Every structure is written in structure tokens, then in C-alpha cells.
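Peer 1: Order-wise, the sequence lines are chains A and B.
By the numbering used here, the letter at position 16 of the first sequence is numbered 16, and the numbering carries on one by one without gaps.
Take the position in the second sequence, starting the count at 1, then add 1000; the result is the number in the numbering used here.
The reader is advised that the hints may include incorrect statements.
As the list claims (entries may be wrong) - So the derived label-pair ranges between C-beta atoms look like this: (1) A1183(B) x T70(A): 20 to 26 angstroms; (2) T70(A) x A1010(B): 57 to 63 angstroms; (3) P1240(B) x V74(A): 20 to 26 angstroms; (4) L52(A) x R1018(B): 28 to 34 angstroms; (5) P96(A) x P1335(B): 34 to 40 angstroms; (6) V88(A) x P1335(B): 25 to 31 angstroms; (7) E167(A) x F1372(B): 55 to 61 angstroms; (8) H1374(B) x T70(A): 47 to 53 angstroms; (9) F62(A) x A1066(B): 41 to 47 angstroms; (10) V74(A) x P1268(B): 27 to 33 angstroms.
Hint data in this document are derived by calculation from the structure and do not stem from the laboratory.
All of these numbers come straight from a predicted model, not from anything done at the bench.
Using N, Cα and C, we set each Cβ at its ideal position, and we do this for glycine too.
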Amino acid sequence: MSATPRPYGVIAEFDTPADVMHAAEKIRDSGFLNWDVFTPFPIHGMDNAMGLKNSKVGWFSFVGGVTGYTLGMVMIWWMNAVDYPIVVGGKPMFSPFGAFPPSYELTILLGSFGAIAGMLFLNRLPRLHHPLLKHGRFRLATHDKFFLVIETTDPKYSETETRKLLESTGSKRIEIVEE
Amino acid sequence: MAEQTNLKLAPPPRSLERIPLVQNNRSIGWISDQIAQIAEGKTPMWWWLAFIPSILLATMLFVMLAYLVSTGVGVWGPGHPVMWGWAIINFVWWIGIGHAGTLISAILFLLRQKWRTAVNRAAEAMTIFAVMCAGIFPVVHIGRVWFGYWLFPLPNSNSIWPQFRSPLMWDVFAVSTYFTVSALFWYIGLVPDLAVMRDRAKTKIRKFAYGLFSLGWTGSNRHWSNYEKAYLILAGLSTPLVLSVHSIVSLDFAVSQLPGWHTTIFPPYFVAGAVFSGFGMVLTLLIPLRTICKLEDVITMRHIDLMCKVTLATGSIVGYAYGMEFFIAWYGGNPFERTIFMNRAFGTFWWGYWTMIACNVVFPQLFWIKKFRHNLLLVWILSIFVNIGMWFERFEIVVTSLYRDFIPANWGYFRPTWVDIATYMGTFGLFFTLFLLFLRFLPVIAISEVKGVTPQADPHHPLGGAKGGHH
Chain A
1 MSATPRPYGV IAEFDTPADV MHAAEKIRDS GFLNWDVFTP FPIHGMDNAM GLKNSKVGWF
61 SFVGGVTGYT LGMVMIWWMN AVDYPIVVGG KPMFSPFGAF PPSYELTILL GSFGAIAGML
121 FLNRLPRLHH PLLKHGRFRL ATHDKFFLVI ETTDPKYSET ETRKLLESTG SKRIEIVEE
Chain B
1001 MAEQTNLKLA PPPRSLERIP LVQNNRSIGW ISDQIAQIAE GKTPMWWWLA FIPSILLATM
1061 LFVMLAYLVS TGVGVWGPGH PVMWGWAIIN FVWWIGIGHA GTLISAILFL LRQKWRTAVN
1121 RAAEAMTIFA VMCAGIFPVV HIGRVWFGYW LFPLPNSNSI WPQFRSPLMW DVFAVSTYFT
1181 VSALFWYIGL VPDLAVMRDR AKTKIRKFAY GLFSLGWTGS NRHWSNYEKA YLILAGLSTP
1241 LVLSVHSIVS LDFAVSQLPG WHTTIFPPYF VAGAVFSGFG MVLTLLIPLR TICKLEDVIT
1301 MRHIDLMCKV TLATGSIVGY AYGMEFFIAW YGGNPFERTI FMNRAFGTFW WGYWTMIACN
1361 VVFPQLFWIK KFRHNLLLVW ILSIFVNIGM WFERFEIVVT SLYRDFIPAN WGYFRPTWVD
1421 IATYMGTFGL FFTLFLLFLR FLPVIAISEV KGVTPQADPH HPLGGAKGGH H
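Here chain A stands alone, though its shape is the one from the complex (with noise of 0.2 angstroms):
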């Protein structure tokens, strides 16, 4: 130990997702901007809790299906009609339905490229590191339990006074988590 490490927050565990739902609430409603809850798979209703707004993957999505379209159209445009154009079987150079096809496939690929790097965009992710990863009773979070985690950051964040909030909430485990 050479230097003390700087604490990262506070974590407060919970047993039930009811109980750690209305601490969310709670802490939401006290104008906590740095928290987070962890939990071993989505709870219903847990984003109105916590005051989140709609996700922005969609828009990571729909942007990527409108280019796989256009790309798609103008490839196969620019390709068999303006590259290269050979005849087949009477048939025009480009036609749009003959085109359809690939385009549509490559506005699904392209769209669950976008859904997929906008959620890992938006979520920091991936990354290697997290201090609540070193933390000993978190690896809990993906099994049977839930947390409710403040992070010194926060505007609001005092040692005391968070702490006591958080015992309001009903938590019996609150600790401090080291970055």
C-alpha cells in the first residue's frame, strides 16, 4: 500500500428489487446526478425510477439502416448500369426491384450494426476496468443481488450524509468502494 486509494463511492445492497427500486426512488428525488443501480437483469420499471430518459439506440440504428439502403441501391445502380453494364435476358440495367433484395438485406445489417455500436457507444463499452469490478460482495450483482452505488463525483455526494440516506432506504450492507 503505498497511497491510499481514493474511494470510488458508496454501495448499498439490496435483497429484493422491489426494496432496491424504491431507494432508486429516493435517490432520484434527492437530485443525485452520478449513481447508478446494478442488478442481474433488467427491472421492469426501473428507468422511471431512476428518472432515465429513452434510450438514443435507435437513432444509432436508423441511421444505419438508411445507409445500408442507399448504399445498397446506388452500389448495385452504379455496378451493373454505369461501371459495367452487361446485358442479361433483355432485362434493363438497373431496376429497382431487382435491387431490392440486397438493399434490404444490407439495411438490416447496416441497422444492427448501428443498434449495436450505438449501445456500446452509449455505454462505454467495452472496457477493462471498473472499481466496482475489485469490489468483493459485487460480483453479487450478476447473481442474486442488487446495489445501489453513488459515486463520490457526484455534486451532492457527503460522506455522512449519503451514507445516512442510503440507510434510509432499508439497505443493511452500505461500504465503501475503493477506485
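Following the hints, position chain B against chain A.
Peer 2: Quick look at chain B alone, frame taken from chain A:
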């Protein structure tokens, strides 16, 4: 108005109560333990007993492919007049099997069929491995596989681009998109469960590998919010994708001018057949799996029952399509069309046709009866019949439309070579090798999704901690 009414609600009758998705009131911790332990601990004996023959068969596949590449595509059976033989039959058969995985993961997700959570992971894995087996055939049948990249719109020394007016090009895009999106959908679904495996890992290698592939997942609700949206969008995109893939595969046939192929019923008929064969394969895989891995409380009899019903429904759609094809052959008044269909049922390959009818239309009708749907051995045998029947369907479509041309001088016969047969058998080896590796290293059931459908996961349910009078 009074604060309270004196209206009393009687509890619903027992017949209307919902059967729980996870039986015996298992806790959410039990779900992680039970599912993750399949991929943990010492490798069980049954796994080796299944794996060794599988990898030997897979080796045979690669030997056959090496023989074909080094000798020429003539070692396979196709030749005048049946220029499409086992390769295309096996391609369509394998890719059809994949469709149940996407149907379960995407369409049932959009329809909010919560029972899907117990089977979607294994079914999606099946999809990916089946598409890999399928992809081998078109790539190899082109003969000079080292020019396989000509299928893609990449610049080459001839400066010629692929010809997009051909449905074969549409197929390239459909199948490669299908594989890519299915694999990504599967992987994104795996990320939270890989985090479960990471947090349980005991050895350094496992900690590192699961840690790397779980992308640093913490279970943060801010992450879940974006994750669930992305998952929903992927389901929304995979639904039109799965419907388009087998439609486009069917267009390989339907866009041609051949009697027996040139029909508008092909896209929906192929999609229904694909889902039918896929559910057959899902049942074939999951019935032994739930017993061996002791997953009876997660993959319950209700799951088997529902999958039998889907098999029955799609099998009946396929039966309707067979009937309608015959009707149109007669009603359309085209003598070539009529001859081909009479020949399918009563000609040289009559045995294939009636095997198909028996396996796809007749036997699945047993699933109308609940007693049969709950007899695991019978369901398992019927699920194998479904796959045999669907293979013969593709055999009938491909071979009988080709071996009797418009001119009797062109008539011929079709026989597979031993290389055809060994290659096809080899794909089973590849499929089961990959599936067994999946069982051994990845969570075979979507842990976080199954947790999410238990009553303990519902913050408004007493088991989820809700107290009376909440909200």
C-alpha cells in the same frame, strides 16, 4: 363515492392460473448455479462420448472437402440433367433449420412470449452452427473455391462486378447478413451471462476469457436501458430478416422458368417449412439436453408442449402448401407443370415424395393430442421424422424438376456419390462438435433473461419484495 367498494373478487379458477415458467419456486440464485454449472467443473463422461464421434465426423467433412478441392467438383453427383444435387438440398435443409432459432429469439420476443427465454440461447446457437454447415455447400460447389470472393462485390482483375439481377446474388447477401446478424444477436444476448460466468470463475484463464468477452459488463441499469433497446431493435430487424432469408432462398428456384419451381407460393411455403424443420431440430437437441443437464425446472413440459404446437402449426401450413401446389398444377392448365407434379408423386422418385408427406404432414398431426405432446420419447422420434421429411422435401423439389426436362432426350436419373453422402454426414459432425463446445463453455440458457421472468424479479410481486399498497 365511497372510498372502497364492497365488491369481492373471487380468485381465478385453477384452470386459468398461469403455469410458472420456472418450476418448483426456484430462487434466482439457483438459476445461475444450475445453468452455469453445466459449463463448469469436470467434463462429464457423456460429453466425451458425444464429442469424440462428432469430431471424427467433422474431420471426415474436412477430408471430403480437401478431396473435392484437390480433385474437382465432379466428385459430387450433380451432372446433366440434374445440375443441382445434394449440395443445394443440404444447403437449403441446413439453412432452414436455422430459422427456428431466429423465430424463437426474435419473433417470439416481439410477441412477448416469455417462455422463449428458456430455449432461445440454445436455439440461436443451433441457428449459427446450422448456417455455418449450410454455407459450406454453396461456397464449395462453385468448384474453384479460391475464387469464392468473386461472389462479393469486390474489385477483381477482370473488372467485372457481380450480376445483381440474379437471385443467386440476392442469396449471397441474404445468407451472409443472416449469419452476421444472428451471430451478433447471439453474442449481445450472451454478454450479461458471460459476466455471470466471469463473476463465478475460479481459474485465471476463465476469469480472463469471460472477463474479456463480457466487455466489462456490470449490470448497471443505465447500461441495461440501452441494452434492452438495442436488443429490441435487433429482434425487430431479425424478424424481417428471417422471413426474407428463406424467401430469397426460394427465389433461387421460383425466379427460374422450370415447372415445379416457377411458383409464387414458394416464399411463404419455404419460410413455413424452414420454421417447421428448425423446431424439429430444437426438439431433437433440447429433449436429451434437459434430461442430461437436469434442466427440467427451466425447460419444462410446457415448453415442450408449446414447441410441439408450433411444429404442428407450421407442419400443417407446409401440408397446405403441398396441396395447393398440386391444385395449381391442375388448375393452371400447364401440361408441363401437371406432368412434373404427377411425376413427383407417382414417378421414379415416388418414395421420396411419400416419405416427405408421411414425415411432414401425417405424423405431426399426432401433436393435436396432449398425451402425445407429453410423451418425450414420441416427441423426440417425431422431431427426427420432421428433419427427415424436410430433407426429402428439398430432394423432391430439386431432383424431380430437373431429371425430366422438356425434351425426353434430356431425361436422366440422379444418384449421389459416396463423397456427397460422406460430406453431408460430415456436416453433422461439424454441427454437433460446435454445439457440444457451446454446451461446455457458454451458458446454455439465457440466465439473466430467465431470472427476469420469475415472480421474484417483479418489484410489484410479493416474492419480489413488494409490500401491500405499493403504488
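Peer 1: So, for every hint listed, does it hold in this structure?
Peer 2: Results of checking the hints against the structure:
1. A1183(B) x T70(A): 20 to 26 angstroms: Holds - the Cβ-Cβ distance for A1183(B) and T70(A), about 25 angstroms, lies within 20 to 26 angstroms.
2. T70(A) x A1010(B): 57 to 63 angstroms: holds (59 angstroms)
3. P1240(B) x V74(A): 20 to 26 angstroms: At 21 angstroms between Cβs, range holds.
4. L52(A) x R1018(B): 28 to 34 angstroms: Since the Cβ atoms of L52(A) and R1018(B) sit about 30 angstroms apart, the hinted range of 28 to 34 angstroms holds.
5. P96(A) x P1335(B): 34 to 40 angstroms: Since P96(A) and P1335(B) have Cβ atoms about 35 angstroms apart, the given range 34 to 40 angstroms holds.
6. V88(A) x P1335(B): 25 to 31 angstroms: holds (29 angstroms)
7. E167(A) x F1372(B): 55 to 61 angstroms: holds (59 angstroms)
8. H1374(B) x T70(A): 47 to 53 angstroms: Taking Cβ atoms as reference, H1374(B) and T70(A) lie about 52 angstroms apart, which means the hint holds.
9. F62(A) x A1066(B): 41 to 47 angstroms: holds (46 angstroms)
10. V74(A) x P1268(B): 27 to 33 angstroms: For P1268(B) against V74(A), whose Cβ atoms are near 31 angstroms apart, the range 27 to 33 angstroms holds.
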